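Line by line, the protein sequences are chains A and B.
Read in order, the letters of the first sequence are residues 0 to 386 in numbering that gives the first Met the number 0.
Read in order, the letters of the second sequence are residues 0 to 266 in numbering that gives the first Met the number 0.
It is worth saying that the hints were derived from the structure and are not from the lab.
Worth double-checking, as some hints may not be accurate.
Distance ranges between label pairs, derived from CB positions [claimed, not checked]: (1) A:Val370 <-> B:Pro163: 55 to 61 Å; (2) A:Gln86 <-> B:Pro163: 50 to 56 Å; (3) B:Leu94 <-> A:Thr97: 35 to 41 Å; (4) B:Leu251 <-> A:Thr97: 42 to 48 Å; (5) A:Gly368 <-> B:Thr161: 56 to 62 Å; (6) A:Asp95 <-> B:Ile130: 48 to 54 Å.
From a predicted model like this one, the values you see are computed outputs, not experimental measurements.
Think of the CB as a built atom: it goes at the ideal place given N, C-alpha and C, for glycine as much as any other residue.
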Amino acid sequence: MTDASPVALTRTASGAELIGGAGGAAPVAVTPRIALEGVSVRYHGALALDSINLAVAPGEVVVLLGPSGSGKSTILRAIAGFLTPSQGRISLAGRDVTDLPPHARGVGMVVQNYALFPHLRVAENVGFGLRARRRPVADITERVAACLDMVGMGRFADRLPRELSGGQQQRVAIARALAIDPPVLLLDEPLSALDAPLRAGLLEEIRALHARLPDLVIVYVTHDQNEAIALGDRILLMRDGRIAAEGTPRALHDTPPHRYAAEFFGQANLLPVQLDACDAELAIVTLEGQRLTVRAPAWHASDDRALGARPLLCLRPHAITLNATGLNRIEARILATHWMGAVNRIEAAIGPHRLRIDVPGSTTPPAPGSVVTIGFEPDQACLVADL
Amino acid sequence: MSMLVYRPCTRQVARLAALGLFGLIFGLPLAILLLAAVTGQWNGVLPTILTLRHVRALLGGDQGASLWHSIATGLAASLIAVLLGGGGALAARDLPAGFRRGLDALYFLPIALPSASIGLALLITFSQPPILLNGTVALVVMAHVVLITAYAYANTRAGIETLPAELEDVAGSLGASQWLALRSITLPLLAPYLLAAFALGFALSMGELGATIMLYPPQWVTAPVQVFALTDRGDIYAGAALGVALLACTFLVLLLLNRQKPRILRP
């Protein structure tokens, strides 16, 4: 997808909305394709979504990432109209749709188990939305053929869903959602029922599809960080019905704001450190008596919750080098090594703190019990709040 | 003990025992009924005189009419029961659990009561103003509906349980109104269950006696009532012939309904 920066939504006095990149690009007045303002949803009295604010620009791919029960599918269902918010407002292309039924919203949706209509053939499934809209038969035939070709399913038009594999069914489900030419496509864990190779292939196809339909907004729900990284222009990390963190995949990976984001998004070693000094760019911390220089935390001055929390040094396993000679060096004891093909995974300890180190699988790892000097570049580590 | 089950000879004995039990409980009475239907006189182990007199009597007169009354009542009551039971089951989907349990109880209550009590309740209720239905065919149909709707409700509920919950949601997102989603997605997928509910209701209605005997008007004697009347006055073989005809009609209608199933499921 494009390397878009996070989109910020600001309401101007005139009611227009400014969408601007967090990376410094000047805000542009664009009506978001999707806007959620203070949306809360209650399920049987329990708060499933808590005051969600979200703006999605035309052509953007937003991934909602989080564990089960974090509220990511609830956002999708609220946008689709299957749930009515207990408070807040949902707009699609500037039109308030909060109280509109699903069929009046015009969004395409693909769900985890495909939900193809089992008694209708592939072509009839894909044409269903067009028939519901009472389009002329000739238009339906043409559009169905085009959509099936788009997902490589043209020759399966006469099959029943039960005669297709899981991956083929998912392609048909995507074609069916696209047939109505929706400005917004909602994908609710669309690949989770598929095996790994098929998932990778379909992920590529979704990327290619978006390249062909650059104005299409995709909101993609997953609990798989690899899918999120591969697809998302922006990732919203969900937790307990709230957006716990958001940013580009790279920003969330390199500088997660807190422990939850660091642990959920990519494997991270999180080591408790003492913050000694900090300026706009770098911070000095102490870990087991060793002073280390790391990237300054962006949240340190702005997040009230983080100010009082003890920071954690976030080190990705692949960012650590053995026999280091650079600025940041510290001794670690090797506990165990595991060859995993592409990498050697090394279990090590710095004092009482355990950490994982990934080195290329072609190298010979140090023997368990030995003590080695490990290191990392300052810009490869960051501080996260223990939240 | 469990090893015994896996021995071929033990399994063979078990099969024979099951077959014998089944033959004794179901097969023998049915065979005797079939035989009695063509019996003129029966003094020994087997009929003494065989005759087709009772079978010919089915083609006209009171017995032929009673068969037609039963079929008409069964079809009407089953149709109404599927509409009421199926509709209730569809409506129950969106109800809170407590209301749904209440609705279950409401539907299933009549099958816990003796059918004669249902007949009596309807007779008392509709024998005085404002609604006077005493002595009408409508009251007979109504009794049958009360007695069989629970099965239509249960069948439809079972069907709904098998449907993926997202189908109607996805249909809605594609632009289908609730009515269109129901008509073009849910109902076609529930068709086998609705058909089964109709068939079960029809079979039950064809054999219903307890409530009908309290309510039937003289011009609408159903086959079970006629069987009862014939055997009550000692015409056992004529009653047996009518019973066999009742069975055959039920079987035929169920067969016809079963043949409709693939047609309904065809897109």
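Would you list, in rising numerical order, the hints stated earlier that this structure does not obey?
2, 3, 4
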